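Student: Same order as they appear, the protein sequences are chains A and B.
Using the working numbering, the letters of the first sequence correspond one by one to residues 1 to 199.
Using the working numbering, the letters of the second sequence correspond one by one to residues 1 to 171.
Hints listed in this document are in silico derivations from the structure and should not be mistaken for laboratory results.
There may be inaccurate statements among the hints.
Stated by the list, open to error - Pairs of lysine to aspartate or glutamate, EDC-like flavour, derived with a Cα cap of 16 Å:
1) B:Lys78 x A:Asp148
2) B:Lys73 x A:Asp178
3) B:Lys138 x A:Glu158
4) B:Lys145 x A:Glu146
5) B:Lys145 x A:Asp148
6) B:Lys145 x A:Glu149
7) A:Lys143 x B:Asp160
8) B:Lys73 x A:Glu185
9) A:Lys143 x B:Glu122
10) B:Lys145 x A:Glu163
The structure presented is a predicted model; accordingly, all values stated were derived computationally and were not measured.
Residues per chain are reported as follows:
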Amino acid sequence: MRCPEVIHELAVPTDDRDSRALQAHLAECPSCSLWAERDAQLSHLWEATRPNAPSQGTWGSLWSRVSDSLEHPALAGPATIHSRGASRARKLARFGLVVLAQAAAVLVTVGVMWRSVPTADPAARTALAGPAGLESSSGVQEKFFELDEGPVVLIRVESASQEVVQIASSRVESGVDDWYLFYNELESLATGPVVAMQE
Amino acid sequence: MSANRFWFGPLRVWMLVLSAGLFGALVVHVIPTAVAVVGDESNKGDATRQVTVFAIQAVRGEKTTDARLDGLKARLAKLKPGHGFTLLDVRSRPILAGESAVVKDLANGCEIKTTLTQSADENGKFEIRCEMSQGKGKPTSTRVKAPLNQLFFLDYPLPDGTTLLVGVGAR
């Protein structure tokens with residue numbers, strides 16, 4: 001198994017997992033075993049601190065109280081005397097709710113329309129429309145590369161040309177992907193060690 | 001106010017008018033735009049990607065290497081044999097398609113802007129645009145589609161004879 005498959009299996013276990021291969025990889029790969037250890041610590045922390053879910057009985061009594069208060073509003077609260085002022089306040093509250101619903105609908109509409117406006121990106125459009133290879137838009141030269149899984153690619157970028165000049169082999173030796181570890185180490189320099197929980 | 005007075009009183013007119021307005025807005029704007037947005041998102045992938053970008057200056061003939069890169073020296077030497085390496089910057093953050101991460105003030109006043117143009121295509125590859133600009137010169141743009149969890153490197157020769165090595169990966 002490769003490192004990404006092991007991490008994926010640990011994060012989202014599948015039914016057809018190959019436990020023997022997984023354990024063999026963890027025994028050999030320090031990066032994945034550290035990941036597995038942190039994952040286990042986080043799980044323990046969650047189990048120790050998770051709030052108790054309300055029981056079925058609690059939900060039942062809550063819903064029955066809600067439905068009682070809707071069916072018999074006079075019994076729900078201490079204010080059983082209907083004054084003209086209270087009635088007007090209730091009317092205003094209802095009206096306010098409707099206005100709020102309308103405002104929310106308008107906001108949703110504007111938000112969705114705003115999100116759907118395509119971003120201006122002339123370089124991308126030209127690249128898609130233009131010929132394969134080097135394209136030019138507003139003086140910006142762009143070249144497109146599609147990389148396959150496996151080899152690690154170095155793209156040499158000069159002012160006039162761009163080309164793949166070196167392909168570093170990413171051969172997995174004894175189940176450990178060298179470049180995957182490289183990636184993990186650089187990423188941890190940016191984000192620091194994983195912290196399960198912070199006050 | 002009783003329930004009957006509410007539903008059959010004057011307020012019902014307001015309710016009907018406002019409900020009709022809400023329904024109209026829904027039909028005219030929300031549904032078509034939501035459909036358009038869903039279509040657009042499915043094209044470019046809506047998943048957030050943890051994008052990592054790092055910049056390393058490689059100097060030919062230099063024997064010393066940044067202490068932070070000690071454990072990575074052997075692999076860097078495969079990319080640029082006979083060079084010394086200095087880590088200039090490394091950034092890693094979750095970004096959505098269309099968003100960018102910028103790494104500034106690198107060697108020789110370089111700036112690297114990486115824009116995630118597609119979170120995932122039908123083969124699970126992400127697509128990213130890397131633009132390198134230096135002073136007032138024209139930026140150079142490279143668009144790369146690569147598998148997740150796999151680094152690729154861009155090699156920019158600098159005027160002072162050194163090389164800016166930029167690594168990019170997403171997961």
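Student: Next step is simple, just say for each hint if it's right about the structure.
Tutor: Hints versus structure:
no.	hint	verdict
1	B:Lys78 x A:Asp148	violated, 19 Å
2	B:Lys73 x A:Asp178	holds, 12 Å
3	B:Lys138 x A:Glu158	holds, 12 Å
4	B:Lys145 x A:Glu146	holds, 5 Å
5	B:Lys145 x A:Asp148	holds, 9 Å
6	B:Lys145 x A:Glu149	holds, 11 Å
7	A:Lys143 x B:Asp160	violated, 25 Å
8	B:Lys73 x A:Glu185	holds, 12 Å
9	A:Lys143 x B:Glu122	violated, 21 Å
10	B:Lys145 x A:Glu163	holds, 15 Å
Going down the numbered hints, you'll see the structure goes against 1, 7, 9, while the others check out.
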